[in-house]
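Trainee: Residue numbers (the working numbering), protein chains in the order written: chain A, 2 to 678; chain B, 142 to 461.
It is worth saying that the hints were derived from the structure and are not from the lab.
Take these hints with a grain of salt, some might be off.
[Claimed, not checked] Here are the simulated DSS-like cross-link-like pairs (lysine-lysine), alpha carbons at most 30 Å apart as the crow flies:
{"#": "1", "chain 1": "A", "residue 1": "K332", "chain 2": "A", "residue 2": "K315"}
{"#": "2", "chain 1": "B", "residue 1": "K143", "chain 2": "B", "residue 2": "K283"}
{"#": "3", "chain 1": "B", "residue 1": "K359", "chain 2": "A", "residue 2": "K394"}
{"#": "4", "chain 1": "B", "residue 1": "K322", "chain 2": "B", "residue 2": "K143"}
{"#": "5", "chain 1": "A", "residue 1": "K484", "chain 2": "B", "residue 2": "K143"}
{"#": "6", "chain 1": "B", "residue 1": "K283", "chain 2": "B", "residue 2": "K322"}
{"#": "7", "chain 1": "A", "residue 1": "K540", "chain 2": "A", "residue 2": "K522"}
{"#": "8", "chain 1": "A", "residue 1": "K210", "chain 2": "A", "residue 2": "K484"}
{"#": "9", "chain 1": "A", "residue 1": "K315", "chain 2": "A", "residue 2": "K244"}
{"#": "10", "chain 1": "B", "residue 1": "K359", "chain 2": "A", "residue 2": "K351"}
{"#": "11", "chain 1": "B", "residue 1": "K154", "chain 2": "B", "residue 2": "K319"}
{"#": "12", "chain 1": "B", "residue 1": "K229", "chain 2": "A", "residue 2": "K351"}
{"#": "13", "chain 1": "A", "residue 1": "K70", "chain 2": "A", "residue 2": "K351"}
{"#": "14", "chain 1": "A", "residue 1": "K522", "chain 2": "A", "residue 2": "K414"}
{"#": "15", "chain 1": "A", "residue 1": "K119", "chain 2": "A", "residue 2": "K540"}
{"#": "16", "chain 1": "B", "residue 1": "K439", "chain 2": "A", "residue 2": "K484"}
{"#": "17", "chain 1": "B", "residue 1": "K322", "chain 2": "A", "residue 2": "K351"}
{"#": "18", "chain 1": "B", "residue 1": "K241", "chain 2": "B", "residue 2": "K283"}
{"#": "19", "chain 1": "A", "residue 1": "K244", "chain 2": "A", "residue 2": "K263"}
{"#": "20", "chain 1": "B", "residue 1": "K439", "chain 2": "A", "residue 2": "K267"}
{"#": "21", "chain 1": "A", "residue 1": "K484", "chain 2": "A", "residue 2": "K540"}
{"#": "22", "chain 1": "A", "residue 1": "K244", "chain 2": "A", "residue 2": "K299"}
{"#": "23", "chain 1": "A", "residue 1": "K484", "chain 2": "B", "residue 2": "K319"}
{"#": "24", "chain 1": "A", "residue 1": "K484", "chain 2": "B", "residue 2": "K396"}
{"#": "25", "chain 1": "B", "residue 1": "K283", "chain 2": "A", "residue 2": "K484"}
{"#": "26", "chain 1": "B", "residue 1": "K319", "chain 2": "A", "residue 2": "K351"}
{"#": "27", "chain 1": "A", "residue 1": "K484", "chain 2": "A", "residue 2": "K351"}
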Amino acid sequence: MSEQKKSPAEQEKIGVYVCHCGSNIAGTIDVQEVAEWIEGNPNVVVSRNYEFMCSSTGQELIENDIKEKGLTRIVVASCSPHMHEKTFREATERGGLNPFLYEMANIREHGSWATNDKQAATIKAKALVNAAVERVVHHAPLEKIPVEINPKTLIVGGGIAGITAALELAEAGHHVYLVEREGTIGGHMAQIDKTFPTLDCSACILTPKMVDVGQNDNITLLSYSEVESVDGYIGNFNITVRKKARCVIDELCTSCGICEEKCPIKVVDEDYGAGITYRKAIYRSFPQAVPGFPVLDKENCTYFQTGKCKVCEKVCPTEAIDYEQEDEWIKFDVGNIILATGYDLFDARKIPQYGYGRLANVFSSLEFERMVNASGPTGGHIVLRDGETEPEKIAIVHCVGSRDQNYNEYCSKVCCMYSLKFAHLVHEHLPGAEVYNYYIDMRTPGKGYEEFYHRLLNEGTHFIRGRVAEITDADRQPGEEGKLIVQAENTLLGLQQRNAVDMVILSAGMEARHDADEVSKLFKMGCDYDGFFNERHPKLAPVATMTDGVFIAGTCQGPKDIPETVAQGGAAASQVAKLINQGTVMMEPVRASIREDECSGCRICNNLCPYNAIEFDEEKEVSRVITALCQGCGTCVAACPSGVIDGAHFTNTQVLAELEGILWDVQSDVTAKQEVL
Amino acid sequence: MKYGYYPGCSMEKNARSYHDSTMAIAKSLGIEFVEVEDWNCCGATEYIAIEKIPAYALITRNLALAAEQNGSTNLVAPCSACYLNLKKADHYLTDDPKLKKKVDTALDAGGLNYQPGSVNVQHLLETIAIDIGYQAVEDQVKRPLYNLRVAPYYGCLVPRPAAMEQFDDPEHPVTMDKILKSLGATVIDYPLKAQCCGGHMTQISEDTALEMLRRLLKNAADYDADMIATLCPMCQLNLDAYQDAVNARFGTDYKIPVVYFTQLMGLAFGFPASELGFGKEIVSPSPALEKITVDPPKTPRARRRGKKSGLPTPTITEEG
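Make a model of the complete structure from these sequences and hints.
Mentor: As structure tokens, this is what we get:
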């Protein structure tokens with residue numbers, strides 16, 4: 002794939018097509034002027050502007066011009082290559098040219114959408130089109146590389162999104178590795194009491210699915226495990242998973258639970274128990290855990306801290322306790338990856354004026370979920386922190402950490418609905434208790450959601466429109482003693498109000514996982530401004546990412562409720578199933594190659610390659626690119642001191658020509674350029 | 142370390158004890174304060190509301206003098222209002238070219254000139270907490286204030302200069318809490334720590350002012366505070382001088398001394414009370430100071446394991 006040098010006499014016949022994109026481009030850029038100006042370039046044979054180049058008529062323009070005018074190169078000035086590069090490459094191919102003899106100029110995202118200044122946008126469009134025209138002359142025909150898809154799939158995260166995706170694929174007959182960081186699958190949904198708006202029991206609808214995962218032969222469940230490394234590319238990922246030592250031998254454990262019962266150490270369960278429940282040092286998060294065997298928490302275990310105790314070992318009837326167990330590293334290959342890593346709850350301690358962590362009877366939403374749950378610390382009774390007193394007045398504060406420039410600017414989407422659910426549960430558990438919901442706007446879009454809001458209005462919940470300023474125990478008036486005082490402006494009345502209540506529930510929003518950035522780097526994809534994983538396209542590719550073969554589902558992409566999360570889990574599974582059924586995908590032929598006869602064998606490139614795609618031929622003393630592994634990143638091309646590595650489709654000649662094109666003074670006549678160059 | 146020092150009017154009169162104690166502890170902490178020569182009043186809270194341009198010109202004159210005279214770019218103001226005005230002027234001159242032009246003209250008439258941003262205005266609390274650090278403070282403690290229950294009171298101005306970089310949480314500041322803790326004192330979680338004392342409301346609407354002061358005193362008393370530590374001459378004056386008026390109005394019997402945090406630092410550092418301006422208060426701090434013990438308070442023994450009492454409670458870590 003070495004560069005082909007063109008003699009000046011050997012001219013290409015270029016067709017240029019400037020797209021209006023309705024008014025998206027033509028509203029700002031004078032498309033006709035751009036098309037007419039570039040026609041002055043001696044290599045340009047035909048230059049057109051057209052309303053929608055991506056329409057079938059638009060594509061036919063290209064096909065017909067190739068056939069009728071004998072075009073040898075195509076340039077389309079329109080949107081981002083992410084959008085339509087594939088479309089126009091295919092049109093080029095249908096016209097009878099190699100699809101890589103095409104170049105795209107992005108005058109929409111980089112032009113018309115970036116400014117309202119029509120003159121500036123038109124000048125920039127000319128520069129971008131000129132760059133594409135100069136570049137395309139040096140394009141060489143390339144062939145796509147077929148890659149086989151390994152039919153196995155890695156799913157990271159065993160919440161409802163991961164469970165759904167795993168079951169969909171497994172039931173379709175494909176093997177899945179489901180990796181979960183905690184001791185059990187289930188995720189946040191397992192912590193929740195009831196689901197809105199239908200109020201069906203969260204565990205009742207979740208646990209059958211968890212059991213299915215545990216029993217499905219097509220699913221290898223790796224709980225208490227984390228993905229350590231990911232190599233390779235779509236169809237051929239090499240995965241290493243660290244299976245953390247849980248000090249329990251899976252094969253021997255019968256999940257009888259006696260170790261947990263007899264363990265003398267009690268610690269606060271910060272994960273599943275949301276900090277409001279105790280667990281033992283050897284524990285299962287909940288009785289229906291999948292897998293059913295417990296995890297030993299070394300940091301709190303008396304044996305690991307002092308060398309004495311061993312009660313669990315003594316009581317275990319099957320000798321399944323193994324204190325010497327070590328972390329295990331498991332390696333396997335998959336073709337695709339689905340990330341379903343979920344969310345973290347916003348830590349309400351970050352808003353000190355709300356008193357969470359300072360005032361005992363201020364509860365987080367997850368704490369309340371656990372408390373109101375029949376399997377929770379109080380058996381479902383709503384009580385104050387003393388464990389006994391029933392509150393008579395409860396305030397539920399919406400938008401905690403959400404829709405707030407100091408914390409998270411976005412709306413967390415689920416909090417209005419779950420706050421309504423909380424209000425309902427209070428009415429149900431404590432008839433006669435007064436409930437005050439402090440909201441900014443009530444957001445209830447969804448099937449049956451608005452109806453649920455109406456139901457709560459009729460149940461007698463007090464709705465106060467206003468963001469809470471502070472929650473304090475500093476009483477000021479008679480009647481406030483010993484209470485929590487919620488201070489807020491009732492914006493519908495235009496009044497500052499103080500409300501003395503017994504209990505406050507902070508409806509905290511969803512945040513990206515604290516380690517989302519590290520995880521995104523591990524899987525070579527990106528995070529958005531708020532820290533959530535970035536989808537390939539917000540509307541048309543919501544579960545794909547910029548990395549082929551890596552998909553996302555659920556709240557790792559942004560706040561969403563259970564129905565949406567399940568839908569995304571299914572969508573990601575079907576995207577993967579599509580690739581598995583295809584069997585092979587065609588990969589971009591953008592690859593590096595080394596001109597062996599000129600290679601000095603210095604081996605500088607060998608260690609730089611992030612994909613280990615360069616091998617060294619000891620006999621000939623030259624380096625060689627393994628094409629199947631190369632991802633075309635260009636690191637070796639730039640690093641080679643002899644300049645003998647070519648990056649196909651990104652050769653020096655092509656890139657320099659593009660630069661010359663974009664730097665040309667487009668306000669002068671394009672024909673004059675040929676004389677200068 | 143060398144710092145520019147802008148005392149402001151109150152430090153010379155009613156808040157003399159703040160000034161004296163600041164100078165005393167500065168020596169221990171290795172701070173050299175260089176007072177801005179020929180400084181003028183910052184205009185307090187009123188002047189900006191009445192005549193904007195002259196008010197900004199007067200404030201900026203101090204910044205210009207500080208920039209001209211001082212080797213250090215840091216200018217420390219112990220008074221809340223002075224701090225806010227100096228910081229605000231610097232900020233708005235950067236933000237508003239029209240204002241800057243007018244202020245420039247005024248300064249120019251006096252042969253002065255000021256480039257916004259060339260002086261870094263700090264409150265004394267910021268200097269001690271952030272620049273000097275809690276450990277350095279703790280290192281100087283010779284007589285810990287064991288068993289003295291202190292309510293840290295920041296007032297409304299220092300923690301929240303609007304739209305500017307803040308050195309502490311505007312709603313729930315903790316820097317003074319940490320300093321007092323490092324002195325060995327028992328610091329109460331004073332909920333009203335960042336609320337307003339009423340400022341000059343005592344001169345405008347006594348009803349409003351006394352109610353605001355009552356809340357602060359009641360809350361400190363509810364938490365069994367032996368004294369209130371403050372960092373603002375206005376807050377000190379209001380809480381101290383009007384305590385009798387509050388008692389008379391509401392039939393209460395508050396006797397809560399109000400002192401500057403620097404006075405408590407000085408005591409802990411081993412200076413005699415007389416060098417720290419003690420004795421100028423209206424509510425005497427002597428009974429409170431007598432509560433200080435040589436031995437640290439006993440820490441309550443951790444609850445016995447396994448014995449459950451209520452639900453686990455979330456906590457805030459020291460750093461949080």
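Trainee: Could you work out which earlier hints the structure fails to respect and list their numbers in ascending sequence?
Mentor: 1, 5, 8, 13, 18, 21 and 25
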